[in-house]
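Peer 1: Residue-level listing of the chains:
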Amino acid sequence: MQAADRERLLAQIRGVVGDRYAFADPYEMRLYQYDASPETALPDIVVIPGTAKEVAQVVKICADARVPITARSAASSLAGGTVPVEHGVVITFARMDRILEIDIDNLRAVVQPGVVNLSLSQALKPHGYYYVPDPSSQGACTIGGNVGTNAGGPHTLLYGVTVNHVTGLEVALASGELVQVGGRNAAEATGYDLTGILVGSEGTMGVVTRIWVKIQPLPPVQKTLMAVYPDVATASNAVSAIVRTGILPAAIEMMDKLSIQAIEAASHAGYPLDAGAVLLLEVDGTPQVAEELGERMAKVCHDNGASEVRVARNEAERQALWKGRKGAFSAMGRLSPDFYVMDGVVPRTKLPETLAKIDAISQRTGFKICNVFHAGDGNLHPLVLFDAFKAGQYEAVLRIGDEILKLCADAGGSVTGEHGIGLEKRENIRYVFSDDDLEVMDRVRRVFDPQRLMNPGKVFPGEGLTPSHAPMPPGYPRRQPGAAVAAGDDLWV
Amino acid sequence: MKARAQALPGHEINVEEQRRLSVDGLLPSTVMRPDDADDAAGGLHACDLAPAAVVVWGGGTQMPLGAPPRRYEVAFSTERMTRLIEYEPADLTCRVEAGMRLRDLQAALRAQGQRLPLDPPHPERATVGGMVAANTNGLSRGRYGTVRDWVIGIAVAYPSGKVARAGGKVVKNVAGYDLMKLHIGALGTLGVVVEVNFKVQARPEKDATLLGHFDAAAPALEVGLKLARQYLAPAAAIVLDRDSLSEFLPPPLAGEGRGGGPWTLALKLDGYAREVEAAKDHAIRFIREAGGGVEEPEIPPAFWDAARDWSAPADDAVVLRAIVPLTSSQQLVAAIPPDARILAQPASGVVDVRVPAPSAVETLSRLRLAAGVEGQVVVSTAPVALKPALDVWGPPPPGFPTMRALKQALDPNGILNPGRFVGGI
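For the record, the sequence lines run as chains A and B.
If you read the first sequence in our numbering, its first letter stands for residue 1, the second for the next number, and so on.
If you read the second sequence in our numbering, its first letter stands for residue 1, the second for the next number, and so on.
It should be emphasised that the hints constitute simulated quantities derived from the structure, not laboratory data.
All C-beta atoms, glycine included, are put in the ideal place defined by N, C-alpha and C.
There may be inaccurate statements among the hints.
Stated by the list, open to error - If you anchor each label on the Cβ, the simulated ranges turn out as follows:
| no. | chain 1 | residue 1 | chain 2 | residue 2 | range |
| --- | --- | --- | --- | --- | --- |
| 1 | B | 284 | A | 176 | 51 to 61 Å |
| 2 | B | 36 | A | 99 | 47 to 57 Å |
| 3 | A | 126 | B | 285 | 21 to 31 Å |
| 4 | A | 218 | B | 374 | 23 to 33 Å |
| 5 | B | 334 | A | 436 | 47 to 57 Å |
| 6 | A | 368 | B | 124 | 51 to 61 Å |
| 7 | A | 11 | B | 85 | 51 to 61 Å |
| 8 | A | 18 | B | 205 | 51 to 61 Å |
Claimed, not checked - Straight-line distance between alpha carbons at most 20 Å, and here's what the computed PhoX-like set of lysine-lysine pairs gives:
| no. | chain 1 | residue 1 | chain 2 | residue 2 |
| --- | --- | --- | --- | --- |
| 9 | B | 226 | A | 125 |
| 10 | B | 226 | A | 214 |
| 11 | A | 125 | A | 257 |
Isolated chain A, as found in the complex:
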């Protein structure tokens, strides 16, 4: 963008939000050039609106000037979903972070997009309720961002992902209109389900300014078990066996040998170091039912090759078991300066063969690959370990990622389970969708955004200005991929 154009646009936007909340100083904007993916791009202007109306006005100004708009909150996207790859204006929701309403009677909450996921559940806890989707970076990521990616988390196995818990949205469209779709009702409104199509559209259709979500009663008891296996194949087969018994676990997580070693070095969760794989299983229920299901699952685990099953006897033990899993990503720092995380999905019966193929890739390329993932729904998170300072490693790792996604797709799965296509996987989307499929999606996109200004360069293949694999322009140092997770153990997937 030309300096004069930028100045003019900045003045217009400041006319809406005030001088303080829009800026274009490259130094100040540095923070907004990246998310939790390895890619970066500097915006032209950053705006921090205070109200939905301001958002709509800013969107209108940008649309009239044909300037790209990228919405962003916590920027914990692992897929580059909030990197403003075509520059333009970044709208961030730091000031729109209020829980507007907790409506226990109607089992709803109404929130602004900048509300941190976990803080909603914390606000609901005294009432005995919670907001179910519990993605990865729950303590940092926002519900607005969750809506963008249709975020998941470990407990989506039983309860579904974000879209299953959103009943309405207020959205600023490219036309500058502020429209409410859906609302407090059950999501069965007349007309097309615009709420449903907007959730997971990764900011390519409009900017969400308010969200109606379902809330539900907290389970009385959560029973957590750890089962130890000689290898990932045996553990994977145990997962299928559990599912076939008719028990509906709330979460089934798996960690492989390398992950266990990293986790134990970092957080001493009590996972046995000689284990080939560990399953973390959780059931929700009344005290009696949870106890009974815990016993039944323990038996199935034993019958299917577990060498040890440990049941958490109290909340402290439960938290200890989860601590390892939650700290898994930050623990990777013990093994490697950087890692690249994938988000492939396979039908759960294909887990053993897929993990074997991933292992073969690791053997062939010499890069270590850890697996820490949502085994219950077949959502893999292979972590490829590397060192960004060694020439050629990052490029090699991207190729490995591509190969892993291809094999997930070939197994009947998907290239992303919860992180989104973003910037990272817009070419990989071809592994699961034909040109005809993508053409229909593009038609839908153009209905909302005829000028292609809403988070351009995402989701669809081959339209961005900068291919995701290309080197960054000089002067924009690439972030170290591990940096986002080195700090705390609340960022996990």
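Given the structure of chain A, go ahead and fit chain B onto it with the hints provided.
Peer 2: Below, chain B without anything else, positioned relative to chain A:
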């Protein structure tokens, strides 16, 4: 018109078939029965080129829904597309052709101890594609959600002649746009759903039924809602008047002569055996606290089937459906005139009302007023003669210009169910 119809690849049809495939009094001249997804896309493309107006037929259980079509030339039937294409019980997923009847799908799942926890009316006739297109949900939506919660992938034939997919075969997937949501409840106005992928679940260990009899509707609704806010929420909770109840149950069971009040809260509890017991204790306590009488009758299995089918009657009845925030259902039920009959689902804010034809117009406007700005009332079924006087969908919802643009983008010649959907789409 005749010449145009002959240019289409379908078959001309006889009078009897025409009558069977009529929609709101309009008769088709041609019927198409594609064999698979590609065949369906080819047929649609021919219709688009003509252009000829298409009404998609599954089992026909939801045909009374919507405004009368503006035009109708081709009956597009999914009756030959009935295969269960893939089903891997350990993955808890399946892939089904749109014309498969729901009962057949449930039977295949049941053989593996599994189910799709959706229970729309008349599963013996209703097809998978029809359920998706009409977004028909049964009584267990309060606990198990609606069609949108169980569809994980879709294949749709478009007038362009292309088949396009969205979603996939895995239970967790955010690749590409969630076009499933767009087609669920679109009444086939954006494309013809030809295949659907579902996630499924294990059948519950146990189920039980409990009846609570009350003197008034309000406490029955209140208890239903209170239970919905509990961790052990019932699978289904319905509140019905005595006339409706006696339709489902023989008089001795319907509470008469036992001091039972005229309003009944029927609860279906399911889950693990111990959960069901605990839920039952809860429910009994809540019913008694609200002044109701509890009954645990030997319910004939047909009870829940009849309750499920109540909102889709075979006769010429008028059924209105109100969808309101949970706490508004009492206010809504209070506005229903005494000549109407009621089946309310307090746990999901859905109230079905059967109205005598002469008072339908007045009741509809009264209910729309009572539903307030956050609620809505649609006409689920009505005789065609009445439809012009009933605004079947009500005012177009917010975002309607976007909806119309979506229709224009995917069905530019307007051949799919023209005029039947919201706002004349």
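Peer 1: Each hint needs a verdict: does it hold in this structure or not?
Peer 2: Taking the hints in turn, this is what the structure says about them:
1. B:284 <-> A:176: 51 to 61 Å: holds, 55 Å
2. B:36 <-> A:99: 47 to 57 Å: Holds, since residue 36 (chain B) and residue 99 (chain A) (Cβ atoms, about 49 Å apart) stay within the stated range.
3. A:126 <-> B:285: 21 to 31 Å: holds, 24 Å
4. A:218 <-> B:374: 23 to 33 Å: At roughly 26 Å between Cβ atoms, residue 374 (chain B) and residue 218 (chain A) fall inside 23 to 33 Å, so the hint holds.
5. B:334 <-> A:436: 47 to 57 Å: holds, 52 Å
6. A:368 <-> B:124: 51 to 61 Å: holds, 56 Å
7. A:11 <-> B:85: 51 to 61 Å: About 59 Å separates the Cβ atoms of residue 11 (chain A) and residue 85 (chain B), which means 51 to 61 Å holds.
8. A:18 <-> B:205: 51 to 61 Å: Check passed, 60 Å falls within 51 to 61 Å.
9. B:226 <-> A:125: Holds - the C-alpha atoms of residue 125 (chain A) and residue 226 (chain B) are around 18 Å apart, at most 20 Å.
10. B:226 <-> A:214: holds, 16 Å
11. A:125 <-> A:257: Not satisfied, since the Cα-Cα distance of roughly 36 Å exceeds 20 Å.
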